[in-house]
Amino acid sequence: MPSRRLNTLASGGLFVALGISLCSRAQADSVATDWPQFRGSQASGVSAQAETPTHWDVETGNNILWQTEIPGMGHSAPIIWRDRIYVTTAVSEGDPDLSIVKGAGAAATADDSGPQQWRLLAIDKATGKIVFDELGLVGVPRVKRHRKASHCNSTPATDGTHIVALFASEGLFCFDMEGRLQWKKDLGSLDSGHFSNPSSQWGFGSSPVIHDGKVVVLCDVQEGSFLAVFDLDEGEEFWRTPREDVPTWTTPTIVEHEGRTQILVNGWHHTGAYDFETGEEIWKLDGGGDIPVPTPIVAYGNAYFTSAHGSYRPVRAIRLGAKGDITPPEIEDTNDAIAWVHHKMGNYMQTPIIVGDNLYLNYDYGILSCFDARTGEVQYRERLNARAVGYTASPVSDGKHLYFPSEDGLVVVVPASGEFSVVTINDLRENCLATPAITDGMLIFRTQHKLIAVKEHVAAR
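For the sequence shown, the tail end lands on 854 under our numbering, and the numbers increase by one without skipping.
Everything labelled a hint here was simulated from the structure, so no lab data went into it.
One or more of the hints may lead you astray.
What the hints assert, rightly or not - Cross-link-like lysine to aspartate or glutamate pairs, in silico, EDC-like; alpha carbons within 20 angstroms at most:
(1) Lys843 to Glu812
(2) Lys522 to Asp476
(3) Lys537 to Asp526
(4) Lys577 to Asp526
(5) Lys537 to Asp490
Here the structure is a predicted model, which is why all the values come from computation and not from measurement.
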């Protein structure tokens, strides 16, 4: 079976609700210090408030503000609100097996069915001190994980009053900002795996999204897939729309266009948009990669989708005014709704990123493609780093540089200029499958056992 790696979207993933202007240089001009969900606002992955470091050294402490051990294992990404960083994790006895090898056996289900503790932690942004470590649930996982995944892949989301965490088949949990449980919802067994092999279990990867006092969850699984919206205060279900697609690991994105709020979702047979208020389908698109993972992103009046595996790996720009079935006769075709497409240049695991006029996609083994976001013109295709095992975490940017963490912890720094070069490669000294976060000129990386804060002008020890 082909290799399969979970998005952290999380891991994610994780990744959206707080809105930015679509027709401006939205991602590059973002100035928010908060990073409230997977990849920040609208999953853009960009925080241009302050320049972040391009060089650091974990061993000497150069430009390392702090390092904090995090119990258990989770590929959920860190989120940030004001002076705190929040992470979720799954804690079990011993050190869980994590395999990042390529080739045979890489897609196997992990054999760790013992009890887990799903926990929410808050970390002081300035010092790295753990402010609280609260237990959400103890139990035996209802679904097994992929050897490259964790039992806690979905990135939490916050509006500054609530923190929502999707602990996969264990349910949707809402905490207050001090980690006190407010409500929880059982969403059933969320069994994800290869669509052609229902016995495979790879864990769940889609992350919740908060918008306008509501929580959006996308649950594309082997049976009983759905998109649903819940009340953030009480957990009441507003609506649930069934979906017919293969399992996906993508996080929804919320966008407002011409007075209507849309929920954008990736898929294989049902990429599309739904009405936020009613769950009504706005448009749909069939065809693409058969293991959809990346989260949609928005800019310049378009929504950008990519997926991979199987015969195709398209990257497409879909106009936000699309309606109805927009599926073209051939996957490489465009139409009134599809602004441009490259049908074999898309991503498998990572959510793309737009900085300025350019759209960047990093294919799994480190092939970085840069496109003009408006026209789809290819600016370059280059290899990031031949040493890295592969890439699962999605890139982030401070508006000047792009950061690409590899699974074995090598972070490649590339200028966000439309011209390729490698500024430097920094080693986190641990595996890294979670997408980083950015705040106040600080990079926050989650490795297999740690959170690491990188900030300029921190002296070596």
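Here is how each hint holds up against the structure:
1. Lys843 to Glu812: violated, 33 angstroms
2. Lys522 to Asp476: holds, 11 angstroms
3. Lys537 to Asp526: This hinted pair is violated, its Cα atoms lying about 25 angstroms apart.
4. Lys577 to Asp526: holds, 18 angstroms
5. Lys537 to Asp490: Roughly 13 angstroms between the alpha carbons, so the hint for Lys537 and Asp490 holds.
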